[in-house]
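S.K.: Chains C and E supply the protein sequences, listed in that same order.
If you count the first sequence from 1, position 301 lands on 300 in numbering that gives the first Met the number 0, and the numbers rise without skipping.
If you count the second sequence from 1, position 267 lands on 266 in numbering that gives the first Met the number 0, and the numbers rise without skipping.
Please keep in mind that the hints were generated in silico from the structure rather than gathered at the bench.
Any given hint could be a false lead.
Unchecked claim - Within a straight-line C-alpha distance of at most 25 Å, the following computed SDA-like cross-link-like pairs (lysine to any residue) qualify: (1) K74/E with N136/C; (2) K289/C with V23/E; (3) K289/C with K46/E; (4) K183/E with I155/C; (5) K46/E with I155/C; (6) K183/E with Y371/C; (7) K289/C with P66/E; (8) K251/E with T263/E; (9) K183/E with D354/E; (10) K183/E with M350/C; (11) K183/E with Y374/C; (12) K335/C with V23/E; (13) K6/E with S72/C; (14) K46/E with M350/C; (15) K295/E with L285/E; (16) K289/C with K251/E; (17) K46/E with I217/C.
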Amino acid sequence: MFTDDAGTGGISAGGPGNSAESNRRTGGDLLQLITPAGDRVSHPEFDSWVQDVSDEQLGSLYEDMVVIRRIDSEATALQRQGELALWPPLLGQEASQIGSARALREDDFVFPSYRDNGVAYVRGVNPEDIVKAWRGNALAGWDPYSVNVATQQIIIGAQTLHATGYAMGIQNDGADAVAVAYFGDGATSEGDVNEALVFAASFQSPVVFFCQNNHWAISEPVRLQSHIQIADRAAGFGIPSIRVDGNDVLAVMAATRIAIDRARHGGGPTFIEAVTYRMGPHTTADDPTKYRDANELEDWAAKDPIARLKSLLERKGLLTEDFETAVAAKADAVAKALRSGTINMPEPAPMDIFKNVYSTPHSTLDRQQDHYSRYLASFGDPAEAASEEGAR
Amino acid sequence: MSATMIKEFRLPDLGEGLTESEIVAWKVAVGDTVALNQIIAEVETAKAVVELPSPFAGVITALHEQPGTVVEVGKPIVSFEVEGDDDAAGSTGAGDAAAKREPNLVGYGAVLEGSGRPARRARSFAAPAASVAAPVAPLAAASVAAPVVAAPAESRPVVTSPAQIVPAGPGPAERPRSTPPVRKLAKDLGVSLEAVTGTGDHGLITRDDVRNFVGGGDLPAAAQELAGGLPQNLAPAPGARETRTPIKGVRKFTAAAMVSSAFTAPHVTEFLTLDVTPTMELLAKLKASRAFAGYKLTPLTLVSKAVLIALRNHPTLNTRWDEASQEIVQYNYVNLGIAAATPRGLTVPNIKDADRMSLLELSTALTELTDTARAGKTSPANLSGGTISITNIGVFGIDSGTPILNPGEAAILALGAVRKMPWEYQDEVALRQVMTLSLSFDHRLVDGEQGSRFLQDLGAILADPGMALAMV
Numbered sequence: 000m001f002t003d004d005a006g007t008g009g010i011s012a013g014g015p016g017n018s019a020e021s022n023r024r025t026g027g028d029l030l031q032l033i034t035p036a037g038d039r040v041s042h043p044e045f046d047s048w049v050q051d052v053s054d055e056q057l058g059s060l061y062e063d064m065v066v067i068r069r070i071d072s073e074a075t076a077l078q079r080q081g082e083l084a085l086w087p088p089l090l091g092q093e094a095s096q097i098g099s100a101r102a103l104r105e106d107d108f109v110f111p112s113y114r115d116n117g118v119a120y121v122r123g124v125n126p127e128d129i130v131k132a133w134r135g136n137a138l139a140g141w142d143p144y145s146v147n148v149a150t151q152q153i154i155i156g157a158q159t160l161h162a163t164g165y166a167m168g169i170q171n172d173g174a175d176a177v178a179v180a181y182f183g184d185g186a187t188s189e190g191d192v193n194e195a196l197v198f199a200a201s202f203q204s205p206v207v208f209f210c211q212n213n214h215w216a217i218s219e220p221v222r223l224q225s226h227i228q229i230a231d232r233a234a235g236f237g238i239p240s241i242r243v244d245g246n247d248v249l250a251v252m253a254a255t256r257i258a259i260d261r262a263r264h265g266g267g268p269t270f271i272e273a274v275t276y277r278m279g280p281h282t283t284a285d286d287p288t289k290y291r292d293a294n295e296l297e298d299w300a301a302k303d304p305i306a307r308l309k310s311l312l313e314r315k316g317l318l319t320e321d322f323e324t325a326v327a328a329k330a331d332a333v334a335k336a337l338r339s340g341t342i343n344m345p346e347p348a349p350m351d352i353f354k355n356v357y358s359t360p361h362s363t364l365d366r367q368q369d370h371y372s373r374y375l376a377s378f379g380d381p382a383e384a385a386s387e388e389g390a391r
Numbered sequence: 000m001s002a003t004m005i006k007e008f009r010l011p012d013l014g015e016g017l018t019e020s021e022i023v024a025w026k027v028a029v030g031d032t033v034a035l036n037q038i039i040a041e042v043e044t045a046k047a048v049v050e051l052p053s054p055f056a057g058v059i060t061a062l063h064e065q066p067g068t069v070v071e072v073g074k075p076i077v078s079f080e081v082e083g084d085d086d087a088a089g090s091t092g093a094g095d096a097a098a099k100r101e102p103n104l105v106g107y108g109a110v111l112e113g114s115g116r117p118a119r120r121a122r123s124f125a126a127p128a129a130s131v132a133a134p135v136a137p138l139a140a141a142s143v144a145a146p147v148v149a150a151p152a153e154s155r156p157v158v159t160s161p162a163q164i165v166p167a168g169p170g171p172a173e174r175p176r177s178t179p180p181v182r183k184l185a186k187d188l189g190v191s192l193e194a195v196t197g198t199g200d201h202g203l204i205t206r207d208d209v210r211n212f213v214g215g216g217d218l219p220a221a222a223q224e225l226a227g228g229l230p231q232n233l234a235p236a237p238g239a240r241e242t243r244t245p246i247k248g249v250r251k252f253t254a255a256a257m258v259s260s261a262f263t264a265p266h267v268t269e270f271l272t273l274d275v276t277p278t279m280e281l282l283a284k285l286k287a288s289r290a291f292a293g294y295k296l297t298p299l300t301l302v303s304k305a306v307l308i309a310l311r312n313h314p315t316l317n318t319r320w321d322e323a324s325q326e327i328v329q330y331n332y333v334n335l336g337i338a339a340a341t342p343r344g345l346t347v348p349n350i351k352d353a354d355r356m357s358l359l360e361l362s363t364a365l366t367e368l369t370d371t372a373r374a375g376k377t378s379p380a381n382l383s384g385g386t387i388s389i390t391n392i393g394v395f396g397i398d399s400g401t402p403i404l405n406p407g408e409a410a411i412l413a414l415g416a417v418r419k420m421p422w423e424y425q426d427e428v429a430l431r432q433v434m435t436l437s438l439s440f441d442h443r444l445v446d447g448e449q450g451s452r453f454l455q456d457l458g459a460i461l462a463d464p465g466m467a468l469a470m471v
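From just these sequences and the hints, can you work out the full model?
M.R.: Set out below in structure tokens:
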């Protein structure tokens, strides 16, 4: 039913019977460098952008993708076991996240959504810090400035404004860093994203809009949200766009490098649509079988980003037993550390809620802190209440 | 190798805010050896059917629930025999099985407290007898006393909107008033707060009320201080028979003013109880009229206007005794003071040149004055320079009192509650709207005759607003 010809170099995001079909860009312009079968196809324009990727780097891209998938499945299991309140799986989007994040420089600043855990991992966020907020253990898991990744945004698309604002700040500073906003197909229907695109275009700010079109905004299919390709929405704002196979890690890396390069050298914003697929539920509280066809999932499983890269490595003779063992060991170690770190995570002190809210202390906060500490004190010593109970 | 141990796995909240789930099928049997994260069961929640990965690596020793059973979150569903392991999942999650959980799914709104519509807390100033801040109690107690009274300094006439009069009789049942820490203490001690009488502000139940209820009110003071940290009036020391609060701020100022007034001006208080049905009918008529649409009209508005009209014929009530220069000052204007309860205590802001205002202007000024006072934003200019005052004790459901003069003024009128009472009407007993006016005046300035005639004129207007035509 659901047709998708990404394997031959083109994609139609819509289902059958879509009357807007004629308005669509179709075929030919979907950037792809590795086919689902694992063939490296050459592209006259984009090959040069990934020419420097060595066999070793190809292997480490594979390792990152395997590890983040393992982190994702471990976190899903931890949620089912009552250790996390909720978890948004990224299964299927590994190439989009790893390929793009690996194209960034250390001083570039990332503004991710809640699902961009692969990006956080590549940027050096500790996996147990990624799950911290989902355990209700902290409002945010890490210091954004330590890894140049903002805390994950739950509000759909709001981070695109933050990224644009940050990019305008880069312009004011005369620096050559780039801001990257990660968001989904559904977010492009939000006001915030449209405002961000307007400002980024007006000020020609160094920002990359990296949209992972995973085909579902919770239960809303992308074809209902947009009657043209998501990438074509950018044209309305005067922003150049690239449509890339989001399950092809090399193509994603090439597209991101092009966009980053443009932004870094005064060329302004770029919109990237990475066409991928959310193979899991929206979150652990969601049941996708209620709204989507099992055949669709099967179609996309055939285009799995990890399997594709694995085939390529195999063809190149890089998939040795030692390599596979090492990758598996790494994934196991990371998962074990994540599990242990999560279960043994120390509870935060109640007064920690006042930390990291404002950059400097001020009287209102001091007052609230004072009130709250007195409020906490009014609960009395728990031991005292227990002994009273015991005395009776 | 560490020793083996039995681990229980309790059903976690698999969605956001679920209270129960159904075990659809077990994928393992007792005696099976399972690996970490191996799927052991299928569970159906209100949102989805999900697979349950094993939280432990070990041997299944018991399946506590049969397939098809709906299990409460927090109940043990399966036990394992495992090697000693610190990283066991499920040991921390959903631990509080004892407490009854209410479903509150994310995205479906908050759970209502109690049943049906959330109870609105009546905004009541009519405090229970036990209240610490019972501003009207002295007035009420003194209302039967002789006209000349040196009332205690506690007298705190207060003005609020008559719309806030609390209906008599029992209101809708509400959760007893207390704070979260106290509710927790009560829960810890197994006390139902419905059974506890609150001694705090407005009947607030304090820690000590709970403790006293269980008979544990004699803790060492030091322990109490550690546990408390609340202001003293909220949490008096256990067993204390009195609480000492420093005299300061508005309280101190009010006290000084009241003592000075009570012991320099010889007070006379007179009462007049009358049928104000015509005034209430006029009020209803005005409210319905287009000219007054959007304005806040209350009995206080009309009484204020009546006072201003009656004053024209009785200017001696609008005077001041100037002891220093041995003169009597006759004001040829009226700055009408209105006693107001504010967050900081009693204040008597006044409306400048109220005698020159139309009824519309007066109603606007009254609304502004009370709103500003209640917000605690009255300017010092509006707090001084009053020439005569009104206090509306009727909002507390009080009939009469012996108000103490605002220092420097010759008269103060207390407005009682408007009540439906059997009353003589056209030679028959009828149910009429009746109110008592209490007028205190400074006998140095105002004789009994003048005071009485003023009160009589005021009563005449309120009994028949048309009488105003004969006075202006």
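S.K.: Now tell me, hint by hint, if it's right for this structure.
M.R.: Comparing the hints with the structure gives:
1. K74/E with N136/C: With Cα atoms ~23 Å apart, K74/E and N136/C stay inside 25 Å; holds.
2. K289/C with V23/E: Measuring from Cα to Cα gives roughly 17 Å; hence the hint holds.
3. K289/C with K46/E: holds (10 Å)
4. K183/E with I155/C: violated (37 Å)
5. K46/E with I155/C: With Cα atoms ~22 Å apart, K46/E and I155/C stay inside 25 Å; holds.
6. K183/E with Y371/C: holds (16 Å)
7. K289/C with P66/E: Given pair K289/C, P66/E holds - Cα atoms ~22 Å apart, limit 25 Å.
8. K251/E with T263/E: holds (18 Å)
9. K183/E with D354/E: violated (56 Å)
10. K183/E with M350/C: holds (19 Å)
11. K183/E with Y374/C: With a Cα-Cα distance of about 12 Å, the restraint between K183/E and Y374/C holds, given a limit of 25 Å.
12. K335/C with V23/E: violated (29 Å)
13. K6/E with S72/C: holds (23 Å)
14. K46/E with M350/C: With Cα atoms ~35 Å apart, K46/E and M350/C exceed 25 Å; violated.
15. K295/E with L285/E: Holds, because 10 Å separates the two Cα atoms, which is no more than 25 Å.
16. K289/C with K251/E: Violated, at roughly 70 Å.
17. K46/E with I217/C: holds (14 Å)
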